[in-house]
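A.B. asks: Please take these sequences and the hints and turn them into a complete structure.
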Amino acid sequence: MEKQIRMAGRGPRVLSPDPRIVRTRISTGVSEHSPLSSRFLPPLAVRPSRLPSSLILRTSLLALVLLAIQPASGQIAFWQHYLGSPGVDRGLCMLPRPDGTLVIGAEVGGTAGLGKDNHSEESDVVIFKYATQGKRFWTTTLGGSGRETLADLIETPDAGYLGIGTSTSADGDPGRNQGGEDIWVFKIDYLGRLEWSKTFGGRGDDRGLTLTACSDGTFLIGGESASPNGDMFSLHHGGLDSWVARLDDRGVLLWERHYGGAGNEKVSRIHELSPDETLVIHTSDSRNGDVRANLGGKDVWMTRIDPGGEILWQANFGGTANDEVHDSYFAPNGDLILAGTTFSSDGHIPEQRGEGDMWLFCLDAGGGLRWSHTYGGPRAEGASALAPCADGGYVLVGMTKSRTGEGQIEYNAGYFDGWLLKVDSLGIRQWSRTGGAEGVDGLNAIFELPGGGFVTLGYAQQKAGGTMLPGHKGIIDLWLANFSDPQREGVRPFVTPPILLGTVLSKHDGLPLPATITLTENATLDSLSSATTQPADGSFLLLMPAYGLVSINVLAKGYMFYGRDILMDTVINQTSIEQTFKLEPVRIGSSLILENIYFDPGKWELLPPSYAELERVLAFLKLNPRIHIQVSGHTDNTGNRQQKVQLSLNRANAVRDYLEKRGIPSYRMQVKGYGMYRPIADNRSPEGRRRNRRVEFEVINM
Numbered sequence: 010m011e012k013q014i015r016m017a018g019r020g021p022r023v024l025s026p027d028p029r030i031v032r033t034r035i036s037t038g039v040s041e042h043s044p045l046s047s048r049f050l051p052p053l054a055v056r057p058s059r060l061p062s063s064l065i066l067r068t069s070l071l072a073l074v075l076l077a078i079q080p081a082s083g084q085i086a087f088w089q090h091y092l093g094s095p096g097v098d099r100g101l102c103m104l105p106r107p108d109g110t111l112v113i114g115a116e117v118g119g120t121a122g123l124g125k126d127n128h129s130e131e132s133d134v135v136i137f138k139y140a141t142q143g144k145r146f147w148t149t150t151l152g153g154s155g156r157e158t159l160a161d162l163i164e165t166p167d168a169g170y171l172g173i174g175t176s177t178s179a180d181g182d183p184g185r186n187q188g189g190e191d192i193w194v195f196k197i198d199y200l201g202r203l204e205w206s207k208t209f210g211g212r213g214d215d216r217g218l219t220l221t222a223c224s225d226g227t228f229l230i231g232g233e234s235a236s237p238n239g240d241m242f243s244l245h246h247g248g249l250d251s252w253v254a255r256l257d258d259r260g261v262l263l264w265e266r267h268y269g270g271a272g273n274e275k276v277s278r279i280h281e282l283s284p285d286e287t288l289v290i291h292t293s294d295s296r297n298g299d300v301r302a303n304l305g306g307k308d309v310w311m312t313r314i315d316p317g318g319e320i321l322w323q324a325n326f327g328g329t330a331n332d333e334v335h336d337s338y339f340a341p342n343g344d345l346i347l348a349g350t351t352f353s354s355d356g357h358i359p360e361q362r363g364e365g366d367m368w369l370f371c372l373d374a375g376g377g378l379r380w381s382h383t384y385g386g387p388r389a390e391g392a393s394a395l396a397p398c399a400d401g402g403y404v405l406v407g408m409t410k411s412r413t414g415e416g417q418i419e420y421n422a423g424y425f426d427g428w429l430l431k432v433d434s435l436g437i438r439q440w441s442r443t444g445g446a447e448g449v450d451g452l453n454a455i456f457e458l459p460g461g462g463f464v465t466l467g468y469a470q471q472k473a474g475g476t477m478l479p480g481h482k483g484i485i486d487l488w489l490a491n492f493s494d495p496q497r498e499g500v501r502p503f504v505t506p507p508i509l510l511g512t513v514l515s516k517h518d519g520l521p522l523p524a525t526i527t528l529t530e531n532a533t534l535d536s537l538s539s540a541t542t543q544p545a546d547g548s549f550l551l552l553m554p555a556y557g558l559v560s561i562n563v564l565a566k567g568y569m570f571y572g573r574d575i576l577m578d579t580v581i582n583q584t585s586i587e588q589t590f591k592l593e594p595v596r597i598g599s600s601l602i603l604e605n606i607y608f609d610p611g612k613w614e615l616l617p618p619s620y621a622e623l624e625r626v627l628a629f630l631k632l633n634p635r636i637h638i639q640v641s642g643h644t645d646n647t648g649n650r651q652q653k654v655q656l657s658l659n660r661a662n663a664v665r666d667y668l669e670k671r672g673i674p675s676y677r678m679q680v681k682g683y684g685m686y687r688p689i690a691d692n693r694s695p696e697g698r699r700r701n702r703r704v705e706f707e708v709i710n711m
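When the letters of the sequence shown are read in order and numbered with this note's numbering, they come out as residues 10 to 711.
In short, the hints are calculated from the structure, not lab data.
Hints may contain errors.
Here are the simulated BS3-like cross-link-like pairs (lysine-lysine), alpha carbons at most 27 Å apart as the crow flies [as the list claims (entries may be wrong)]: (1) K472 <-> K566; (2) K566 <-> K591; (3) K516 <-> K472; (4) K566 <-> K670; (5) K516 <-> K591; (6) K125 <-> K472; (7) K631 <-> K516; (8) K612 <-> K681; (9) K125 <-> K144; (10) K670 <-> K591; (11) K566 <-> K612.
Computed beta-carbon distance windows for the label pairs [unchecked claim]: (12) W205 <-> D285: 23 to 33 Å; (13) T541 <-> G143: 25 to 35 Å; (14) D225 <-> E447: 33 to 43 Å; (15) T533 <-> W440: 55 to 65 Å; (16) T533 <-> I709: 13 to 23 Å; (17) D225 <-> D400: 33 to 43 Å; (18) E130 <-> D285: 43 to 53 Å; (19) W205 <-> P316: 43 to 53 Å.
Note that CB positions come from ideal geometry on N, CA and C, so glycine has one too.
C.D. replies: Printed below as a string of structure tokens:
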């Protein structure tokens, strides 16, 4: 077939109409002691905000909309979604899934929209699985009659999720309250169904802030505690203490311990270094009790503890003002990268730029400071999350109050903007982006996409009289955005690829067939994925790629094959593609038109886009080794008849030669050139002539 060709560049399963759709209502002061770690730990890619109180607003996100924008300088996003309720909502945690979806954790303060299943007018925790097309596959609302908050969310070894936060409820999902605020830990399965929920507290206020999974199947949780009683029965030092506990896989408390002095402490991050050592990163303003020193104000206080919680090593980092870490990551070489906010201008802080600065610093495996950098303008900035990048650098997100052109801020649209900052492996600033409108906006989580660009989660305020944010539903909404990377070319928007949901049946009797379905990249013939049908009903599921020209190949022994090419750009707004494939039993005389065989006009050299179709024929012949075929070429009725016969024969020979080179013996293939003598359409129209220019194959022996 002669044809104009446009070429395009190139998981978990549960079978139901769409396996992803389930609705659930669960209605250097460094010690000379041993090093921190030389062990590589996976990135803590997306974490909730832990900005200091001077920068935090209780905010949120709402409505869902796909918006492609190229706004003012410094603000570039492929798309932005706003989701939420009529109240105040915050997007806090984000976990990218292998199928291209996102598991998002949020606090939702309204009782409509995303908060329609909320237990009360106070905030609930909402966890949902989301596709970029705006579809939620499952949504879980957790809470009681009080107020619930979310601080951290991780994936568990069984593919579920473990969350930690704070609860004031004595009913609903938390189920118990010891007084004031309690630390709250909950476990949901891979479909968002609640498995267990535990609270820990005493008569004071206790808040859950972070957690990590351990190699022995237990979990370490951390937070801050003002309680000397209840579940917090270890020695309390005064004020707010850091509190660390170990839980088994059902949330049963194995041990707990307070850490601190007469001032205030809290846990920011926990890393298991080995089965025998754990690194705990705190904020502290004490200089007594467990805390040996203080550099001034709030310090980053780091401890290593043994399996029973005893302190093995400690060190303080910061300056004479207030300094905090909000996220951390172990690099492959064992260095520890820490991101946060600083108000200092001395000590380990190289430069004070404004009222508060983003702060990034690196410690070697022995706990020594390698480098330290601040970023920002003359007003307030802070980092809430950190993620590693493929080039060895890092990306930070948070918020900025500095105005357009001040310091390192290229653009600011409002009061606070979300700020994304890219640095190299030594923390040197490379570029930054801001996002937001006239209100208070911030970013709490980020990850880099394999093909370039970034996905961020945070919150956005719809200000009265300001820019209308499409789909915004409340005071403050969840804000999900896909940012570009100015240093990488050819980056495409991040999209959740559709799932192919199919069934393979016999066209003869309608019974399910044992078949193999393969997805192939048309340009390279690389196999992308494959699946076999379920014996009971012939169903299968395959994750499609996001972009490119893709070949779907369906093969069942004793049946004619099915092949189809799909340009993914034409279906990318769909979350699923559903199709029933009915295959004809092979008989002598069975034939197929090879729809995707291409030649230049008047030529017989196969063009590369033909190869995917020929590979289908090849697979069919290999699966059915007794079958012999005839390959026939056909043309339209323009030009010399004899020349058309020869052209059609040459094209049939080209197909046979390809198959022979790929391992099919020549004796299994005959060729025939019919020229213009066997039309299947009216040659008087261009479309009819196009259909008549074709290559067919027919089964002639078996």
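A.B. asks: Evaluate each hint against the coordinates.
C.D. replies: To see whether the hints hold, each was checked on the structure:
no. : hint                      : result
1   : K472 <-> K566             : 63 Å, violated
2   : K566 <-> K591             : 14 Å, holds
3   : K516 <-> K472             : 60 Å, violated
4   : K566 <-> K670             : 23 Å, holds
5   : K516 <-> K591             : 5 Å, holds
6   : K125 <-> K472             : 23 Å, holds
7   : K631 <-> K516             : 22 Å, holds
8   : K612 <-> K681             : 17 Å, holds
9   : K125 <-> K144             : 16 Å, holds
10  : K670 <-> K591             : 30 Å, violated
11  : K566 <-> K612             : 34 Å, violated
12  : W205 <-> D285: 23 to 33 Å : 28 Å, holds
13  : T541 <-> G143: 25 to 35 Å : 32 Å, holds
14  : D225 <-> E447: 33 to 43 Å : 50 Å, violated
15  : T533 <-> W440: 55 to 65 Å : 32 Å, violated
16  : T533 <-> I709: 13 to 23 Å : 33 Å, violated
17  : D225 <-> D400: 33 to 43 Å : 35 Å, holds
18  : E130 <-> D285: 43 to 53 Å : 47 Å, holds
19  : W205 <-> P316: 43 to 53 Å : 24 Å, violated
Violated hints, listed in ascending order, are 1, 3, 10, 11, 14, 15, 16 and 19; each of the other numbered hints is respected by the structure.
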